[in-house]
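Student: Protein sequences appear in the order of chains P and C. Okay, so the first sequence: first residue is 1 according to my numbering, each after it adds one. Okay, so the second sequence: first residue is 1 according to my numbering, each after it adds one.
Be careful, since some hints might not be right.
Here are a few chain C residues that sit away from chain P, every Cβ distance over 12 Å (derived from the structure) [what the hints assert, rightly or not]:
#: 1; residue: L51
#: 2; residue: A98
#: 3; residue: T139
#: 4; residue: P160
#: 5; residue: L183
Pairwise CB distance ranges, derived in the manner of DEER restraints [unchecked claim]:
#: 6; chain 1: C; residue 1: V125; chain 2: P; residue 2: E200; range: 52 to 60 Å
#: 7; chain 1: P; residue 1: F80; chain 2: C; residue 2: R326; range: 37 to 45 Å
#: 8; chain 1: C; residue 1: Y49; chain 2: P; residue 2: S51; range: 26 to 34 Å
These are computed hints drawn from the structure, not numbers from a lab. Even glycine gets a Cβ: it sits at the ideal position worked out from N, Cα and C.
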Amino acid sequence: MFAQPTKRALSAGALALAGALAFGVAGCSGSSDSGGSDEQIKVGLVTKTDSNPFFVKLREAAQAQADASGAELISLAGAFDGDNEGQVAAIENLVSQGVQGILITPNSSSGILNAIKSARDAGVIVIALDTATEPEDAVDATFATDNLAAGVSQGEWVKATLGDTAPQIVMLDGTPGGTVDTFRHDGFLQGFGVEEGAAEIVGQENTNGDQTKAQTAMENLLQRAPGVNALYTINEPAAAGAYEAIKGAGLTDQVVIGSVDGSCTGVENVKNGVIGATVMQFPAKMAEQGVDAVVKYVQDGTKPSGFTDTGSQLITDTPVDGLDSKDTSWGAENCWG
Amino acid sequence: MSSEAVLQGRSSRGIIRQILREPLLGPLLALVLAVIIFSLVSETFLAPYNLSLILQQSVVVGILAVGQTLIILTAGIDLSIGAVAVLGTIVMAQAAGAGGPLVALAATFLVCVALGAVNGGLVTVLRLPPFIVTLGTFTAIQAATRLLAGSQTYQVPQGPLTFLGTSFSIGRFNTTYGVVAMLLVYLFVWYALSQTAWGRHVYAVGGNINAARMSGIKSGRNLFSVYLATGVIAAIAAWAALGRIPNADPNAYQNANLESITAVVIGGTSLFGGRGGVVGTLIGTLIVGVLRNGLTLAGVDSLYQNIATGILVIVAVAVDQFARRRSL
Chain P
1 MFAQPTKRAL SAGALALAGA LAFGVAGCSG SSDSGGSDEQ IKVGLVTKTD SNPFFVKLRE
61 AAQAQADASG AELISLAGAF DGDNEGQVAA IENLVSQGVQ GILITPNSSS GILNAIKSAR
121 DAGVIVIALD TATEPEDAVD ATFATDNLAA GVSQGEWVKA TLGDTAPQIV MLDGTPGGTV
181 DTFRHDGFLQ GFGVEEGAAE IVGQENTNGD QTKAQTAMEN LLQRAPGVNA LYTINEPAAA
241 GAYEAIKGAG LTDQVVIGSV DGSCTGVENV KNGVIGATVM QFPAKMAEQG VDAVVKYVQD
301 GTKPSGFTDT GSQLITDTPV DGLDSKDTSW GAENCWG
Chain C
1 MSSEAVLQGR SSRGIIRQIL REPLLGPLLA LVLAVIIFSL VSETFLAPYN LSLILQQSVV
61 VGILAVGQTL IILTAGIDLS IGAVAVLGTI VMAQAAGAGG PLVALAATFL VCVALGAVNG
121 GLVTVLRLPP FIVTLGTFTA IQAATRLLAG SQTYQVPQGP LTFLGTSFSI GRFNTTYGVV
181 AMLLVYLFVW YALSQTAWGR HVYAVGGNIN AARMSGIKSG RNLFSVYLAT GVIAAIAAWA
241 ALGRIPNADP NAYQNANLES ITAVVIGGTS LFGGRGGVVG TLIGTLIVGV LRNGLTLAGV
301 DSLYQNIATG ILVIVAVAVD QFARRRSL
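The shape of chain P in the complex, shown without the other chains (with noise of 0.2 Å):
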């Protein structure tokens, strides 16, 4: 049963290296500067996965300000929502790299704490992006939008735009128990100014932030509640898809719809009325200071700690008075994806 002509052993071998060498090639022409120099600031970046727009734009602009400080930028990714093991691997061997600084946006605020206290003990200073681990002080800094701020603001401007009539709301949430939605929706309500189980809140869905299960969360909501008009949604595709319900029963002069996130998609379906008001957040800038406190670090020693606001900005075209935003046009100059 084991017994095998010569060939086959052979040809197994032979088909293997010319697999591994040409991917060993790969490898050699892939880092140009790999070794070499031993003063190159060296930076890694984690992020949850590697095709999701905005953490396209936060590697893009990590790449572009690691370009103008001399430094290497190192980009890792987790292979899908929720892949800790791969976010563990790419901090691994970033150490294993001998990275002086690692700026992550993790998958779960809690599933990754021993590899980046690993790291940490190493020496490399390790920075959150986006998102915030559990607890905050895991890693020395956390550069990320605040999400109960911006929360507020779809709250406001959704609450503003209702003006006197009776409000009923809807809130297409993202997934339970996650840190960013919690912020988004305690803030809306914050904003809005009503409290949690409130009688005003006729209908609560999660999407996961997409949004096929958005509109189809939706339609399933407005057979029951077909009074609504004032709309929570998590992120653009879930504002996306809910508009496609809202649509196809007809009532979009009814229904005010809020979002949070300023990808140049979401910003388009603002301009295009099919997102009332949408909140920025910017990527680019946490992508940007993260790369700056690694190089800060390694020149003159300075750790940076806390937690940094990068901002958000209400993006409408029909503003309400005493609240601050900023038109479409605007908004399409500097969003990302």
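Keeping the supplied structure of chain P fixed, place chain C upon it in accordance with the hints.
Tutor: The following block gives chain C in isolation, referenced to the frame of chain P:
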């Protein structure tokens, strides 16, 4: 590995010929070559710390791949094994809160073995194709996991449940008990497959189930035991996963089933059953780990890592096909 090859090699041809005909030669050469290339490309690759990392990063998929090897040896495939392990981590985290670590471990092994029994029962009693059975259980188990977890992640307290993540040093080489556990699982299953009647029967059932049945092997019982064993192995993988990341996350390890198949196939075990073994799978696991780590150190985009791994899988299956055609 194979006593026939050893006997034939000694009696008729020389020892060199015997080495050349060794089915593990291809994977082994690929591993050695990859190690040589990466040690030339990256200064840090051969550092003890980095080599230890490769082993630690291989633990969970490496353990799952042992179970996958058993199933593939019987000409089956297990698409559910990763999902079973993830469910195991959630069960362990929740039971730890309710009843302490020992209860948690017992509950995990119980649940994983029960799911192995479901797969095994459907395959052996109802005679359904393993691909379909495990595709169905994979989908159902994944959903059940999210229901059970309420789409949340659970932290596991440090202690017995995270024991496999504890590190220790042998000289300058620092590693974890998870790596030891992985090697022990390989050693144990290698022994069971190559030195016991049960192992012989697994090969016989995988090679030709009708022939095995006619020669008096209780093929159904043997097949069922393979699925039970795979459940046990999935539970060990779940334990190791919590050692590595002390959080049970229902979204974790989404690709673990496919990665385990990859390791098995690169290690030279035939997808048609009856040929191969866990030594090859260990080499396959290490090849994937070395490629991922080495290409990362070399600064190659992770997508190229997937392309490299994909090519290796196809090469390995092609080699297996040629070998089959020639031996028929």
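Student: Against each hint, give a clear statement of whether it holds in the structure.
Tutor: Verification of the supplied hints:
In this structure L51 (chain C) is not separated from chain P by more than 12 Å, as the shortest Cβ-Cβ distance comes to only about 10 Å. With a minimum CB-CB distance of about 19 Å to chain P, A98 (chain C) clears the 12 Å threshold, and the non-interface call stands. Annotated as non-interface, T139 (chain C) keeps its C-beta farther than 12 Å from every C-beta of chain P; the closest such distance is 17 Å. No Cβ of chain P comes within 12 Å of the Cβ of P160 (chain C); the nearest lies about 16 Å off, and the non-interface call holds.
Its beta-carbon lying about 19 Å from the closest one in chain P, L183 (chain C) satisfies the requirement of being farther than 12 Å from that chain. Judged by the Cβ atoms, the range 52 to 60 Å given for V125 (chain C) and E200 (chain P) holds: they are separated by roughly 56 Å. One distance hint, 37 to 45 Å for the beta-carbon pair F80 (chain P) and R326 (chain C), holds here, with the actual separation near 40 Å. Restraint check, Y49 (chain C) to S51 (chain P): a C-beta distance of roughly 31 Å satisfies the suggested window 26 to 34 Å.
Checked against the numbered hints above, the structure violates only hint 1.
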